[in-house]
Amino acid sequence: MTKLSPNLLIEAQNLRRTYHQGGSLFTALDSASFQVWAGDRIALIGRSGSGKSTLLNLMGGLDTPTDGTIAWVGLGPRETLRPAKVAFVFQMPSLLAPLTVIENVEMPLLLGDTPIEIARTAAMEALERLQLTALAQKLPEELSGGQIQRIAVARTLAYHPKLILADEPTGQLDHPTATLLLDTLFNTLKDTDTALVIATHDPLVADRMHKRWTIQHGILQTDSSHNGLQTVNATPQPKLSITRPMPKNSAPF
Amino acid sequence: MLILLWLKGLLSRRPGRLLGAIAGVALTVALLAAIGVFIVASGATMTQRAIASVPVDWQIQLAPGTDAKAVTDALGQSAAYSALQTVCYADSDGFTAKTKGTVQTTGAGKVLGIGPNYRKDFAPELRPLIGSLDGVLVAQQTAANLQVAPGDTITIQRPGLPAAEVKVDGVIDLPFADSLFQAIGTPAGMAPQAPPDNVLILPLQQWHSLFDPQAQGHPDSVHLQLHVRLIHNLPPTPIKAYTQVEQQARNLEARIAGSGIVGDNLGAKLDGTRKDSLYSQVLFLFLGLPGVILSVLLTLAVTAAGSDRRRQEQSLLRTRGATIGQILQLAGVESAVVGTGGAVLGLGLAVIAMGLLTPGTLLLTVNSVVWMAIAAVVGVGLAVAAILYPAWKTARSSTVVSAKAIIGNSRKPLWRQIWLDGFLLTLAFVVFWRTASTGYQVVLAPEGVPQASVSYDSFIAPVCLWLGTALLTLRLGDVALGRGRSTLTQLLRVPLGSLAGVVIASLSRQRRVVTSSIALVAIAVSFAVSTAVFNTTYNAQARVDAELTNGADVQVVVPPNSTGIPLTMQTQLKGLANVAALQPMQHRFAYVGRDLQDIYGIDPVNLPTVTHIADAYFANHDAQSSLAALASRADGILVSAETVRDFQLKSGDLLNLRLQNAQDGQYHIVPFHFVGVVKEFPTAPTDSFLLANADYIAKQTGNSATETVLIRTKNRDRASLLAQIKPIVSPLAGVKVTDIDAAQRTISSGLTAVDLRGLTRIELSFAILLLVGATGLMLALGMAERRRTFAILDALGAKPRQLGSFLWTEGLLVLLAGGTVGVLLGFGVAAMLVKVLTGVFDPPPDVLAIPWLYLLMAAIASVLSTVIAILGTQSLSSKASLEALRDT
Chain Y
539 MTKLSPNLLI
549 EAQNLRRTYH
559 QGGSLFTALD
569 SASFQVWAGD
579 RIALIGRSGS
589 GKSTLLNLMG
599 GLDTPTDGTI
609 AWVGLGPRET
619 LRPAKVAFVF
629 QMPSLLAPLT
639 VIENVEMPLL
649 LGDTPIEIAR
659 TAAMEALERL
669 QLTALAQKLP
679 EELSGGQIQR
689 IAVARTLAYH
699 PKLILADEPT
709 GQLDHPTATL
719 LLDTLFNTLK
729 DTDTALVIAT
739 HDPLVADRMH
749 KRWTIQHGIL
759 QTDSSHNGLQ
769 TVNATPQPKL
779 SITRPMPKNS
789 APF
Chain D
611 MLILLWLKGL
621 LSRRPGRLLG
631 AIAGVALTVA
641 LLAAIGVFIV
651 ASGATMTQRA
661 IASVPVDWQI
671 QLAPGTDAKA
681 VTDALGQSAA
691 YSALQTVCYA
701 DSDGFTAKTK
711 GTVQTTGAGK
721 VLGIGPNYRK
731 DFAPELRPLI
741 GSLDGVLVAQ
751 QTAANLQVAP
761 GDTITIQRPG
771 LPAAEVKVDG
781 VIDLPFADSL
791 FQAIGTPAGM
801 APQAPPDNVL
811 ILPLQQWHSL
821 FDPQAQGHPD
831 SVHLQLHVRL
841 IHNLPPTPIK
851 AYTQVEQQAR
861 NLEARIAGSG
871 IVGDNLGAKL
881 DGTRKDSLYS
891 QVLFLFLGLP
901 GVILSVLLTL
911 AVTAAGSDRR
921 RQEQSLLRTR
931 GATIGQILQL
941 AGVESAVVGT
951 GGAVLGLGLA
961 VIAMGLLTPG
971 TLLLTVNSVV
981 WMAIAAVVGV
991 GLAVAAILYP
1001 AWKTARSSTV
1011 VSAKAIIGNS
1021 RKPLWRQIWL
1031 DGFLLTLAFV
1041 VFWRTASTGY
1051 QVVLAPEGVP
1061 QASVSYDSFI
1071 APVCLWLGTA
1081 LLTLRLGDVA
1091 LGRGRSTLTQ
1101 LLRVPLGSLA
1111 GVVIASLSRQ
1121 RRVVTSSIAL
1131 VAIAVSFAVS
1141 TAVFNTTYNA
1151 QARVDAELTN
1161 GADVQVVVPP
1171 NSTGIPLTMQ
1181 TQLKGLANVA
1191 ALQPMQHRFA
1201 YVGRDLQDIY
1211 GIDPVNLPTV
1221 THIADAYFAN
1231 HDAQSSLAAL
1241 ASRADGILVS
1251 AETVRDFQLK
1261 SGDLLNLRLQ
1271 NAQDGQYHIV
1281 PFHFVGVVKE
1291 FPTAPTDSFL
1301 LANADYIAKQ
1311 TGNSATETVL
1321 IRTKNRDRAS
1331 LLAQIKPIVS
1341 PLAGVKVTDI
1351 DAAQRTISSG
1361 LTAVDLRGLT
1371 RIELSFAILL
1381 LVGATGLMLA
1391 LGMAERRRTF
1401 AILDALGAKP
1411 RQLGSFLWTE
1421 GLLVLLAGGT
1431 VGVLLGFGVA
1441 AMLVKVLTGV
1451 FDPPPDVLAI
1461 PWLYLLMAAI
1471 ASVLSTVIAI
1481 LGTQSLSSKA
1491 SLEALRDT
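Keeping their order, the protein sequence lines are chains Y and D.
Just so you know, the first sequence maps onto residues 539 to 791 in this note's numbering.
Just so you know, the second sequence maps onto residues 611 to 1498 in this note's numbering.
These are calculated hints, taken from the structure and not from any lab test.
Fair warning: there could be bad hints in the mix.
Stated by the list, open to error - Sample of chain D residues facing chain Y (criterion: CB under 7 Å; computed from the structure):
no., residue
1, Ser1108
2, Leu1109
3, Ala1115
4, Ser1116
5, Arg1119
6, Gln1120
7, Asn1149
8, Ile1402
9, Leu1406
10, Gly1407
11, Ala1408
Since we're looking at a predicted model, the values are computed, not measured.
For every residue, glycine included, the Cβ atom is placed at its ideal position computed from N, Cα and C.
Using the sequences and the accompanying hints, generate a full structural model.
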């Protein structure tokens, strides 16, 4: 039994996820056991359809396992994961079409009952960090694919989650744009204890991560030889210098 | 192969989109087919009713000395007939009878001679009241004037010959006296000739023995008619049937030129019916067409709900190298599936709807099949317009990037720039004001002229009001969600909290879609409201009309100048369980100068307790003050406008009438004073009549008999009350007991009240379906198309109540704004329709009747469908979020 630690974010044992597909049972993930620690940089490598997205969805609480257990040890109950603690970056454009860039970025904060003025300030700071303030009043349909993904990253950074789950965020982008996006992401997270899990089949992306997990036909193999985990546990990363916007305790609805 | 793949994909991945479009097309096809077939059936019913209501189709008046057989031969060549009878008419200088020690003498009269089979062939002409139907018959009014009964003797004064005596065998009513004694051959448009006051009917042989000698001395005083019933192999529509009968009559007249003239009763009846038929077509246009237009709009809106996705798919296909031709082919396949599926489903729905709502109207005639085919073609055309045309437009005019755009530009459409909404509303009010102030007729069908026309100008006002308000709703919605965004945000800050800004921002940027939904709901609600209000007002007026004919819920009537309905019997009737109120009424005759008119003696204070006295019955449009004027003066009298004109009467003028006195049976002068003008009154005829105080008439004539008793019932079970009343009054000679339901059925032959009920039943049922479609279905489809948005919100961590903020705000905004505009517009259109279609109503209604129950049902249907759509979307958004997130 793993000793509980405040730096352990997720612990999963024998996770299994099956789907009914055309009358037969399809196993997307089988007997996956893993741990995610604060400050982790994990590359989840696998071909399309190997179960990467399923694993990310289970980690983020978007989906529930058919069998096995998952505990968000350092994050709290599943219902409280989003929007405050876990953020997603999807492969497909995930901005809300009728809202401007700034409104999209502040949305998770508003959903966390953050007062609107504080949410707007935090969103602008996130855009500034990614040098995207010029796009603040644009609508998503006026942006390029790369800009949309960078805005999606800005949206996750605006509220400083403890875990970012990115599902092939560069899958739709050309190489220079993908590089720019990853640079932005890594630079922003450099001095934080935010864990990052990126699902990818791009070796160049995987090379920039501390850990490399592979998944094939739903079978997960974690890279236990990497010592980045111990480093993180031994010496906790300093907290982010920017003050996290505090959610209101009770917003009237 | 590509087409099959696409089709398979649509069926498996987008079944909602296909089914929604098919449902919309099906609704349009069903409504159009049902209304079309109904109109065809309605026309046929009107023709059949017109035919059935005419006792004698043709009355051929023979010139003196004409060989009747030659005319009969010519008749056989011009038209096929099923019955033919010779009827002889003779003028008499008057009749005399000596009864109860007094001698009564009438003015000039008519003596008819009929064959033994006349009653069998033309039964409705003679209604037995007392005694036998064989032998010498005396008309009810003549019997009253002469105070004779079966067994008494009447002396007939013959010009140039000694008087002849006949013994009365029976007293009869002549329900169709107007046509029986019509002046045949008078030019069209001349005032109709009043039937004679005094009539005797003799067996043909007896007539010949008495009047053949008179024919020799005074040939002008005697004439022969052939009464004919045609074989009714006529076209179903009244207009065509009229034309055919008219042509046959003209053909016969040409064949017997100089020997006879045709009195075309059937043609005249069909002439009137074609006016009703045109009215029903106008009603169809006013009531049915908006429903069809609404269902077309709804279908276009349903398919437009998926237009963003279609554009994106099209853009993707083009990116992957598909040619415009291939894209159009795919859109063509989709529209073919939707069109064919919608047409088949719609026709099936129409058949089921008609079977349930208007049983008996679904007849497979050529015309009904044509209507169904038209509806199916419209359905296919609608599918092409909704799917193929937008695809073609997008393929020709937009780039891949612009096709992907969801919000798009916000350029003002042309109609907004030129203020078309304001122009249409102004036009609506100007035209309506003109229509209302001039009181013109929508349907013009001049008597005897084959051509009939509908004044389509009358459509302008309601159509412009409809369109103008719909466009104004779009404008106001756009302004409210655009410029009024910050105000709305402030207003919703309390219920939505910090999300108010983004919720309103989201609605504001999608305001083109949102305001279209509001306008569609407004149109759907207005359609339901206007149809229901008009229908209820119409039905209420049909009831007023029936009450006008029957007097009250139940009427007990004995012939005028009889012994009347005894007071003890009235008390007995009053004691029956279902009797709420009872009022006696006198019905006598009075001479106004030389003109004999019906006179009604009433209790002006208490009569309104049994029947509705409408304002429209009086020239001053004030029932209360007219009855009060009568009540305030014992010898007061209300007369017809015609009498006022003929005698140049002014309020308070003395009017001397002659009424029959009970003492001597003779007509004596009774002074009255003119207090007002009455146009119509319960049980009174449509031509001139008089209305006075019953007490005064009783005192002046020495006769307090009550000829009519009007009863208001406590509940609608009038049939059982009738069954209770009949045994009580059965000892009274010639007594007749009728209820309002029977009267309503009879009146329906006038303007097809029954048929309109069928039309509105179809309309009102479809209105609810359209309402549900415009509210819940549209909302659900629109939200389904944006399920990715909701899935993203869910993935970002939106709680159910937060997701609900977006959904409820949009749903309630559309429902409340659209519902409010729709209710106001519905009442406006209904008021306009009632005013424009004044000719339909007899008398016109005082106020609009409001169908509270239906409106409540419509409101519940709208709210329920909206709530179900929102809750369904909310539930599906969270469940299907993972799948939606993977979608492009």
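Hint by hint, here is what the structure shows:
Nearest Cβ of chain Y to the Cβ of D/Ser1108: about 5 Å, under the 7 Å cut. The hint holds. Given hint, D/Leu1109 at the interface with chain Y, holds; its Cβ is 6 Å from that chain's nearest Cβ, closer than 7 Å. A cut of 7 Å between beta carbons decides the hint on D/Ala1115: the least distance to chain Y is about 6 Å, and the hint holds. Because the smallest distance between the Cβ of D/Ser1116 and any Cβ of chain Y comes to about 4 Å, under 7 Å, the interface hint for this residue holds.
With a cut of 7 Å, the hint placing D/Arg1119 at the interface with chain Y holds, because the nearest CB-to-CB distance is about 4 Å. With a cut of 7 Å, the hint placing D/Gln1120 at the interface with chain Y holds, because the nearest CB-to-CB distance is about 5 Å. The criterion of a C-beta within 7 Å of any C-beta in chain Y is not met by D/Asn1149, whose closest approach is roughly 47 Å, and the hint is violated. Contact between D/Ile1402 and chain Y, as hinted, is supported at the beta carbon level, the nearest pair being about 5 Å apart and thus within 7 Å.
At its closest, the beta carbon of D/Leu1406 sits 5 Å from a beta carbon of chain Y; the interface hint therefore holds under the 7 Å criterion. Hint status for D/Gly1407 relative to chain Y: holds, with the closest Cβ pair at about 3 Å, below 7 Å. Checking D/Ala1408 against chain Y: minimum C-beta separation of about 5 Å stays under 7 Å; hint holds.
Checked against the numbered hints given earlier, this structure breaks only hint 7.
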